[in-house]
Amino acid sequence: MYKIIHKQVIAQDIKKIDVAAALIARRALPGQFVMVTPAAEEHQIPMTIIDSDERRSTISLLVHEVGPATRRLGGLAIGENIYQVKGPLGQGSRLEKYGLVICVATGVGAAQILPVCRALKKKGNKVIGIIGAKSKKVLMLESQMRVVCDDLFITTNDGSYERKGFATGLLKELLEKYTVQRVYAIGNVEMMQAASRMTSSKNIPLRVTLNPYMIDGLGTCGSCRVKINGEFRLACTDGPEFDGHAVDYQDLTQRMNVLEPKVWHEPFHPTVPRRPGFAKLLKSLWVSTKR
Amino acid sequence: MGFNKKVAQEEARRCPQCAVATCLPGCPLGIDIPGFIRLLREGDTNGALERIRKDNPFAAICGRVCPAPCEESCVFHADGNPIAVRELERFAADHGALKPEKMQAAAGSKKVAVIGSGPAGMSAAYYLAKSNLSVTIFEAAHLPGGILCYGIPEFRLPQKVLDDEFRRLKLLGVEVRTDAVFGRTLMLDEIFMSGFSAVLLATGAGLPRFSELNGMSLSGVYYDSEFLNRAQSIGKEKALDFAIRQGMPAPKTVVVGRGPSAFDAARFASRLGSEVTVVLDGFEEEAGVGADILQESREEGVGMLSMQAVEMTGDGNGYVAGVKCRKLDIVEGEKGLRLELSKEDPVVLEAQCVIMANGHRPGGFLRQYLPHLKWEAGGFLWTDGQTGMTSVDKVFGCGSVAGAGETLLASLVSGKAAARKIADHLGRS
Numbered sequence: 001m002y003k004i005i006h007k008q009v010i011a012q013d014i015k016k017i018d019v020a021a022a023l024i025a026r027r028a029l030p031g032q033f034v035m036v037t038p039a040a041e042e043h044q045i046p047m048t049i050i051d052s053d054e055r056r057s058t059i060s061l062l063v064h065e066v067g068p069a070t071r072r073l074g075g076l077a078i079g080e081n082i083y084q085v086k087g088p089l090g091q092g093s094r095l096e097k098y099g100l101v102i103c104v105a106t107g108v109g110a111a112q113i114l115p116v117c118r119a120l121k122k123k124g125n126k127v128i129g130i131i132g133a134k135s136k137k138v139l140m141l142e143s144q145m146r147v148v149c150d151d152l153f154i155t156t157n158d159g160s161y162e163r164k165g166f167a168t169g170l171l172k173e174l175l176e177k178y179t180v181q182r183v184y185a186i187g188n189v190e191m192m193q194a195a196s197r198m199t200s201s202k203n204i205p206l207r208v209t210l211n212p213y214m215i216d217g218l219g220t221c222g223s224c225r226v227k228i229n230g231e232f233r234l235a236c237t238d239g240p241e242f243d244g245h246a247v248d249y250q251d252l253t254q255r256m257n258v259l260e261p262k263v264w265h266e267p268f269h270p271t272v273p274r275r276p277g278f279a280k281l282l283k284s285l286w287v288s289t290k291r
Numbered sequence: 001m002g003f004n005k006k007v008a009q010e011e012a013r014r015c016p017q018c019a020v021a022t023c024l025p026g027c028p029l030g031i032d033i034p035g036f037i038r039l040l041r042e043g044d045t046n047g048a049l050e051r052i053r054k055d056n057p058f059a060a061i062c063g064r065v066c067p068a069p070c071e072e073s074c075v076f077h078a079d080g081n082p083i084a085v086r087e088l089e090r091f092a093a094d095h096g097a098l099k100p101e102k103m104q105a106a107a108g109s110k111k112v113a114v115i116g117s118g119p120a121g122m123s124a125a126y127y128l129a130k131s132n133l134s135v136t137i138f139e140a141a142h143l144p145g146g147i148l149c150y151g152i153p154e155f156r157l158p159q160k161v162l163d164d165e166f167r168r169l170k171l172l173g174v175e176v177r178t179d180a181v182f183g184r185t186l187m188l189d190e191i192f193m194s195g196f197s198a199v200l201l202a203t204g205a206g207l208p209r210f211s212e213l214n215g216m217s218l219s220g221v222y223y224d225s226e227f228l229n230r231a232q233s234i235g236k237e238k239a240l241d242f243a244i245r246q247g248m249p250a251p252k253t254v255v256v257g258r259g260p261s262a263f264d265a266a267r268f269a270s271r272l273g274s275e276v277t278v279v280l281d282g283f284e285e286e287a288g289v290g291a292d293i294l295q296e297s298r299e300e301g302v303g304m305l306s307m308q309a310v311e312m313t314g315d316g317n318g319y320v321a322g323v324k325c326r327k328l329d330i331v332e333g334e335k336g337l338r339l340e341l342s343k344e345d346p347v348v349l350e351a352q353c354v355i356m357a358n359g360h361r362p363g364g365f366l367r368q369y370l371p372h373l374k375w376e377a378g379g380f381l382w383t384d385g386q387t388g389m390t391s392v393d394k395v396f397g398c399g400s401v402a403g404a405g406e407t408l409l410a411s412l413v414s415g416k417a418a419a420r421k422i423a424d425h426l427g428r429s
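Those sequence lines, one after another, are chains Z and P. At position 186 of the first sequence the residue is numbered 186 (this note's numbering), and the sequence of numbers has no breaks. At position 327 of the second sequence the residue is numbered 327 (this note's numbering), and the sequence of numbers has no breaks.
Next up, chain Z with everything else stripped away, as it sits in the complex (with noise of 0.2 Å):
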């Protein structure tokens, strides 16, 4: 049904596909997402859409590989077809015109931060992109963001490209040096909270998007909760765009968690004992075969 029909590597583990699906296209809004099935016994992964082509009726996803299901998902040759594809879901960001903007994004939510750019560019603002990531290996999305963007920082923690540091100490001086109308962030939670904490003192509306632990994606179950403003509400039917000031982040740090089931004691995980040596002669065999 959902038919893989262009597929790209963008970096490490990361990988961007175009997909078939002719009704999620036609009215994705930058901001929603979609839930994917990668196969039958994969679990669903919420994607955001970062592009949406109603003329070729596609949506572009990134494939952040880290676990079996989006691996599996990474795995898929163009010409395959995706399990399911439901959306889109969530609400849309909120866009308007109001002058100057500045986007941040670290890591994964460099994708999530290019919709919400292109369509605030569209409306007329001039928008800053600052980009973090760990290292110029797995930085992505760099021309596409260039190209929607007045003006593109990038800070990388290694310092292997353009600038050594944190996303946030850009924001900083950036705030510090303009007046900024408003404020997206995108990324991990600390990012969001020091940005909450930043543009907060100077009176600039944050807009953050929140990515907890969904199951379904429709509402009904109750596993996305994050605190807004004192009361549970749920990223996945009233996000996954919230007010950057009214969220509670140490609850969200919580709720990221959730993600990582705990191991517990032995029988409930037995490992099986390997030889000793074994760990090494599969490395040193993985090695050759590489290249």
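Keep in mind the hints are simulated off the structure, nothing from the lab.
Partial list, computed: chain Z residues near chain P (C-beta under 10 Å):
{"#": "1", "residue": "T37"}
{"#": "2", "residue": "E41"}
{"#": "3", "residue": "H43"}
{"#": "4", "residue": "Y83"}
{"#": "5", "residue": "G87"}
{"#": "6", "residue": "P88"}
{"#": "7", "residue": "D216"}
{"#": "8", "residue": "G217"}
{"#": "9", "residue": "S223"}
{"#": "10", "residue": "L252"}
Where a beta carbon is used, it is the ideal one built from N, C-alpha and C, also for glycine.
Start from chain Z and add chain P according to the hints.
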């Protein structure tokens, strides 16, 4: 499990066939209970099934998960040994054979869209198809069945039974479209534009009522529907394997709350190898489930405690470590025994997984999408008592989203009534 022929006939013979049947008013669907039991006694299983299906098209489902109010009104209930009507219904559904009803709505008949394929949607679709309307069910999830598919586990309602029911619905000409999220993939005006004359909202009440207790955000704390939904998100046949692959089994699980879904979650967790305790805020009889489920849970090793949960305690790393509970003392009051909070210090029950069962309410999405809809206090959809219509023209509501109640039976009845009202409405206009 289920009765074999010999046991079923013996049980059917036990029925006294009262002159004034007390079980009849107990069944809101109005199944002719003494009638089908008499047929079973005579060995006519097919006839019995036909008799049941006259009033309840989903005998195989009801025979498994019905709360069985008829057994409570049975004359033998006072002796603690009522006729096992539900098991007999299940026997008739499993062993009886009927010629499949096959029909096709006449060309040019009016089209009705049913949103949601849960019990209410299924029941409405069946009766709408029977009244010669062309019915399409739009389901947001990948598999049809709603709570029957993603909520109730395989050991209580096998997927095969559900598949059979949907096969029968399709034979009646009902079209089922999955992956169609109402209000997102598919809009209301689009549905009307593609020729539908009425839309029935049967979206159910799936969102858990959030708890006010501290520590609800810790990892390992689930709501009941979250727990079951997560385990069964790929369909319930492979749910146990999938849950293990997801790292869901925990050495000790505590379920806080009551109701059928609390016990479903508890029994599912115990099947994952966990040591399960249900913390009830009252007596065991007030658990909101039938005596049979209590009995089965106990046999499966699910412990039950009468305590009141106070807060979830963490292990310092963001994971849940236990539930702090206050004991309840049995006090003799004027109206018999009752429970009162003890003055002792709270105890901490160790748990790596806590499941909260607080009941459910309709999700907020419908309210966002259709702001013109009128809502009642308690968060339920308002429908006109006479016509079954909501405050939006040609949009009807039924099932638990319209406040029919949380039981399967209530949803089936509500779906049936809504189907009749829609057929009336379309017949008039």
